[in-house]
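Heads up: the protein sequence lines correspond to chains A and B, in order.
Everything in the first sequence is counted per our numbering, starting at 714 for the first residue and increasing by one.
Everything in the second sequence is counted per our numbering, starting at -3 for the first residue and increasing by one.
Everything labelled a hint here was simulated from the structure, so no lab data went into it.
A virtual CB, placed ideally from N, CA and C, is assigned to each residue, including glycine.
It is possible that some hints are incorrect.
[Stated by the list, open to error] Here are a few chain B residues that sit away from chain A, every Cβ distance over 10 Å (derived from the structure): (1) I18; (2) L90; (3) T131.
[Stated by the list, open to error] Now the stretches of chain B that chain A is said to cover, found in silico as 3 or more residues with beta-carbon under 8 Å: (4) 8 to 16; (5) 36 to 43; (6) 104 to 116; (7) 119 to 129.
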Amino acid sequence: MATKTPLALVRGLGAARSGTDEFWRQRLSAVALLPLAAFFIGLLVALAGASHHRVATTLGDGWVAVPLLLLVVACLVHMKIGVQVVIEDYVHDKALKLVLLMANTFFSYAMAIAAAAALVKLSLGG
Amino acid sequence: MAESRSANPPAAARPLSPHLQIYRWTWTMAMSIVHRITGLALYAGTILLVWWLVAAAAGPGPYGVFRDVAGSWIGIIVLIGFTWALLHHALGGLRFLVLDLGFAFGREARFAWAKAILAASVLLTIAVWLLVFFTWR
């Protein structure tokens, strides 16, 4: 270890041991989110102020629920990597960084699974 | 290891790499920072999205609570902010994808696109909310 130069450490998969995987997944999810976000804004405009019955039936429709599930999955990937990069950039205390990285993972998955569970329930008739 | 390190004299006050306070502000730098801030805001905003979906799945009672909060003046201000953050992050992200592909790197192009995207995000937010207010039911 002591005789290795910094170059040897970043070769291959790099210091993070994952190479450019996150860079690529961040851009892949970004491309996916562009049309999905447009769909989402359109849906919000259509459902603004609507009754519970209309919202529940609309969200339970497969043509709405499936794009929203895609949005949730793309969002999970994108938000987790995005905030992880911010934490890695600005938090230099090792213990705090570890805690925040774990919290970021837990929060991202919790939001995604809760949203997906709600959409599945609505799809099965509420 | 730890002993030899603590035996070292305290680190001299060497110059650090330039930081935000040192650089002259530019449009591209400001847009880059705003992209991070809107990203973090949207991250927090997923709580609202989940609340909306879970309330709709839970039934008319919980959905009524969400609807009252979202329809209050403070709820509308938060939602307008959410809309702008989403539009700015999406359009700015599209700009970064174009830059990743190696286009629009000229001096004029860089600044023109940075400003255009800020303007477009504000105008689109106004357009979306005019639609909301006209179709509210």
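Going down the list of hints, with the structure as the test:
The non-interface label for B/I18 is consistent with chain A: the shortest C-beta to C-beta separation is roughly 17 Å, beyond 10 Å. The claim that B/L90 lies off the interface is violated: its Cβ sits roughly 7 Å from the closest Cβ of chain A, which falls inside the 10 Å cut-off. Remark: the non-interface label on B/T131 conflicts with the geometry, its nearest Cβ contact in chain A lying 7 Å away (cut-off 10 Å). Under a criterion of three residues with beta carbons nearer than 8 Å to beta carbons of chain A, the stated coverage of the segment 8 to 16 of chain B fails, only 0 such residues being counted.
Counting residues of the segment 36 to 43 of chain B whose CB falls under 8 Å from any CB of chain A gives 5; the rule of at least 3 is met. Given a C-beta distance limit of less than 8 Å, the hint that chain A covers the segment 104 to 116 of chain B is violated, as 0 residues qualify and 3 are needed. Here's how the segment 119 to 129 of chain B fares: 3 of its residues keep a CB closer than 8 Å to some CB of chain A, so the rule of at least three is met and the hint holds.
In this structure, the hints that do not hold are numbers 2, 3, 4, 6, in rising order.
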